[in-house]
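*Asks:* Here is how the chains run, residue by residue.
There are 2 protein chains.
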Amino acid sequence: MESAIPQNLEMKRSRHKRVPDDYQPPYPSFVARYKPTVSRVAMAYFGVQYRGTAPTVATAALAEIAGTFAKESGPSHWDRARYIDQVGHENVVSVAYWDDIARFDAWFAPAREAWTGKARDGIGTFIEVLRPSLARHETLFSSSDRPEGVAAIAGRMSGEVQEHAYWGGMRDRIPLSQTDAMAPGGNPELIRDGTRLRVEAHDNLCLIRSGQDWSDTEASERKLYLDEVEPVLREGMEFLRDHGLGIDCYGNRYMRVLAADGSVSEKSYGQSWWKSLAALERWAESHPTHVKIFGAAMKYLSTLGPSAKLRLYHEVTVAAADEQFFEYLNCHPKTGMLAAVETASA
Amino acid sequence: MESAIPQNLEMKRSRHKRVPDDYQPPYPSFVARYKPTVSRVAMAYFGVQYRGTAPTVATAALAEIAGTFAKESGPSHWDRARYIDQVGHENVVSVAYWDDIARFDAWFAPAREAWTGKARDGIGTFIEVLRPSLARHETLFSSSDRPEGVAAIAGRMSGEVQEHAYWGGMRDRIPLSQTDAMAPGGNPELIRDGTRLRVEAHDNLCLIRSGQDWSDTEASERKLYLDEVEPVLREGMEFLRDHGLGIDCYGNRYMRVLAADGSVSEKSYGQSWWKSLAALERWAESHPTHVKIFGAAMKYLSTLGPSAKLRLYHEVTVAAADEQFFEYLNCHPKTGMLAAVETASA
Chain A
150 MESAIPQNLE
160 MKRSRHKRVP
170 DDYQPPYPSF
180 VARYKPTVSR
190 VAMAYFGVQY
200 RGTAPTVATA
210 ALAEIAGTFA
220 KESGPSHWDR
230 ARYIDQVGHE
240 NVVSVAYWDD
250 IARFDAWFAP
260 AREAWTGKAR
270 DGIGTFIEVL
280 RPSLARHETL
290 FSSSDRPEGV
300 AAIAGRMSGE
310 VQEHAYWGGM
320 RDRIPLSQTD
330 AMAPGGNPEL
340 IRDGTRLRVE
350 AHDNLCLIRS
360 GQDWSDTEAS
370 ERKLYLDEVE
380 PVLREGMEFL
390 RDHGLGIDCY
400 GNRYMRVLAA
410 DGSVSEKSYG
420 QSWWKSLAAL
430 ERWAESHPTH
440 VKIFGAAMKY
450 LSTLGPSAKL
460 RLYHEVTVAA
470 ADEQFFEYLN
480 CHPKTGMLAA
490 VETASA
Chain B
150 MESAIPQNLE
160 MKRSRHKRVP
170 DDYQPPYPSF
180 VARYKPTVSR
190 VAMAYFGVQY
200 RGTAPTVATA
210 ALAEIAGTFA
220 KESGPSHWDR
230 ARYIDQVGHE
240 NVVSVAYWDD
250 IARFDAWFAP
260 AREAWTGKAR
270 DGIGTFIEVL
280 RPSLARHETL
290 FSSSDRPEGV
300 AAIAGRMSGE
310 VQEHAYWGGM
320 RDRIPLSQTD
330 AMAPGGNPEL
340 IRDGTRLRVE
350 AHDNLCLIRS
360 GQDWSDTEAS
370 ERKLYLDEVE
380 PVLREGMEFL
390 RDHGLGIDCY
400 GNRYMRVLAA
410 DGSVSEKSYG
420 QSWWKSLAAL
430 ERWAESHPTH
440 VKIFGAAMKY
450 LSTLGPSAKL
460 RLYHEVTVAA
470 ADEQFFEYLN
480 CHPKTGMLAA
490 VETASA
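Chains A and B supply the protein sequences, listed in that same order.
So the mapping is simple: the numbering used here equals the position in the first sequence, first residue as 1, plus 149.
So the mapping is simple: the numbering used here equals the position in the second sequence, first residue as 1, plus 149.
Just to be clear, a hint being listed does not mean it is correct.
Same chains, same names: a pair is fine if it fits in one copy or spans any two.
Claimed, not checked - When the alpha-carbon atoms are kept at most 25 Å apart in a straight line, the in silico BS3-like pairs for lysine-lysine are as follows: (1) 458 / 441; (2) 372 / 441; (3) 483 / 458; (4) 416 / 448.
Because the hints were derived from the structure by calculation, they are not lab data.
With the sequences and hints as input, model every part of the structure.
*Replies:* Shown next, in the form of structure tokens:
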């Protein structure tokens with residue numbers, strides 16, 4: 150049993166963990182371990198938005214960003230997913246990860262200009278970036294043999310960690326929680342730069358990417374996931390999408406991961422922006438929509454036990470104000486962090 | 150909005166609350182407020198145990214303890230409840246509360262001798278007492294107009310309190326949590342005193358009495374409680390009774406409160422002994438049996454909203470080693486805290 154907090158990020162605590170030192174989790178979970186030289190990661194969401202079937206310009210944009218990723222100093226890993234949002238627009242988001250900020254910064258400036266610096270006919274584009282220090286970031290995996298998302302750029306997975314399977318584990322896995330409550334600072338503001346819209350959020354904005362992979366499930370397990378768990382998960386994701394602002398969730402996307410050939414895979418993830426880690430905690434722990442998700446997952450996992458082939462993971466970041474970048478071009482006003490600010494023209 | 154922690158028990162914190170200072174609970178709850186002169190309460194469980202229909206000696210014992218309660222320095226409030234335990238014995242428990250420890254101590258010594266100092270033919274008797282300082286104790290009520298249990302001896306109910314409706318609220322309401330993790334110290338030990346068996350437990354043993362009152366419910370609400378909630382609650386209570394030791398629950402009784410005339414009322418409570426507050430937290434937050442109870446209660450309350458007539462309350466104590474007393478005479482080895490120790494003769 151090891152701590153989810155890596156040794157080089159252990160600090161003299163002024164805040165306690167939520168569980169006693171002899172706490173034993175009831176089942177194993179794992180976290181991504183970065184090379185000791187890594188102090189910061191970057192995660193960049195590049196979105197394309199359009200209505201109806203993909204116009205040629207959208208297809209071209211997707212090819213273009215893939216090409217840009219392949220350039221010098223591009224990401225160590227990227228994946229792509231799609232979803233139809235609350236106003237019926239298709240969104241295809243390519244998510245890229247770096248473990249070297251100097252490389253990311255060198256790569257990003259021209260990539261940004263190419264992506265949101267010029268309008269594309271009939272489609273919107275957006276960029277959402279966090280570049281947190283590792284002290285502001287955590288991951289969790291139900292199995293250690295298939296990294297997803299940011300973990301794909303980590304060197305390896307941990308052994309079994311202690312800080313999971315209790316409410317508050319997410320916070321306890323974030324190294325900064327040893328000394329800091331991570332309270333939010335202020336409200337998101339809209340910055341107009343011609344037709345480009347930027348959002349400047351605030352200290353301790355929180356991002357979660359929480360994924361499901363049912364590609365290994367078979368027969369009755371697959372049916373159980375698709376019939377009993379997925380509909381409840383979808384309901385919760387739609388609640389956050391449509392009513393999240395009332396509980397300080399700025400936006401949620403329930404994404405279906407795309408395979409390399411563009412077809413849908415048997416993987417999904419919810420990706421949501423929160424005013425604070427505390428707001429995410431409150432929803433997860435007590436909102437009826439997530440209590441239902443948790444109940445369905447518990448029932449599923451207790452029915453299947455260790456034989457379950459469903460894989461679950463998440464990555465959570467609580468970003469400082471200067472670790473964030475949000476920029477939208479020709480996107481509708483409910484896109485991403487735009488939903489958190491008033492974008493109507495005076 | 151007020152803190153559940155009374156002002157005279159506020160301490161300079163070395164441990165943080167689980168929620169931010171601006172946390173707003175989603176619905177109202179209340180706590181018992183004692184007179185400022187009260188520093189300690191006593192709660193004493195006097196049990197009668199037998200098999201089958203009540204023998205005359207059991208009826209006589211119940212009348213006797215009621216008479217003893219009525220004596221000088223007797224409790225300010227007492228109530229009575231029954232349940233059939235895991236080996237099929239009937240248990241009738243009279244629970245008495247004091248807010249003045251000098252009065253309790255004066256009253257208790259002869260009452261104890263009378264209750265567990267002499268064998269009664271065909272029945273067992275037991276005494277379980279906690280006498281915690283108020284810093285080691287908390288209550289919670291869904292409505293402020295009907296005190297139950299220890300709250301019946303408090304002067305009044307609070308206004309709406311902040312520290313509830315999140316996991317960890319129970320701990321945050323206990324004043325000692327401001328400075329102390331309340332970790333358990335050691336294991337329960339059996340003390341033989343002739344045929345009387347005493348259990349000496351350990352620092353930070355935890356007791357919860359968690360009650361339900363459906364006497365005001367009508368028609369569809371009553372049906373919903375009895376058909377959808379109560380069976381799930383019962384299942385959880387039986388799990389704790391039969392399998393609690395594996396998760397550090399020493400014992401659980403799912404009691405039905407008796408009216409003054411001895412008939413069953415429409416009130417019940419679960420009463421359980423735990424190795425630590427942390428163990429109780431873990432069960433409540435993540436064990437499938439309590440997750441089901443929580444889910445059923447959430448569904449019930451969200452269906453009914455503020456019109457719900459079901460009343461819920463609990464009282465929780467984390468007792469120091471010298472605030473406890475457990476004594477059993479002619480009871481079977483699974484009775485109360487006896488279940489936590491080996492009682493078989495060598």
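*Asks:* Checking an output row: residue 416 and residue 448, CA cutoff 25 Å. Within, between, both or neither?
*Replies:* Classified as within: same-chain Cα gap 20 Å, cross-chain 30 Å, threshold 25 Å.
*Asks:* Since the copies are identical, ignore which copy is meant and state whether residue 483 and residue 458 lie within 25 Å (CA to CA) inside a copy, between copies, both or neither.
*Replies:* This pair counts as neither: shortest intra-copy Cα distance 36 Å, inter-copy 40 Å.
*Asks:* Using 25 Å as the alpha-carbon threshold, which applies to residue 458 and residue 441: within, between, both, or neither?
*Replies:* both (21 Å within a copy, 24 Å between copies)
*Asks:* How do residue 372 and residue 441 come out at 25 Å by Cα distance, when the copy is not named: within, between, both, or neither?
*Replies:* both (18 Å within a copy, 22 Å between copies)
Hint compliance for this structure: hint 3 alone is broken.
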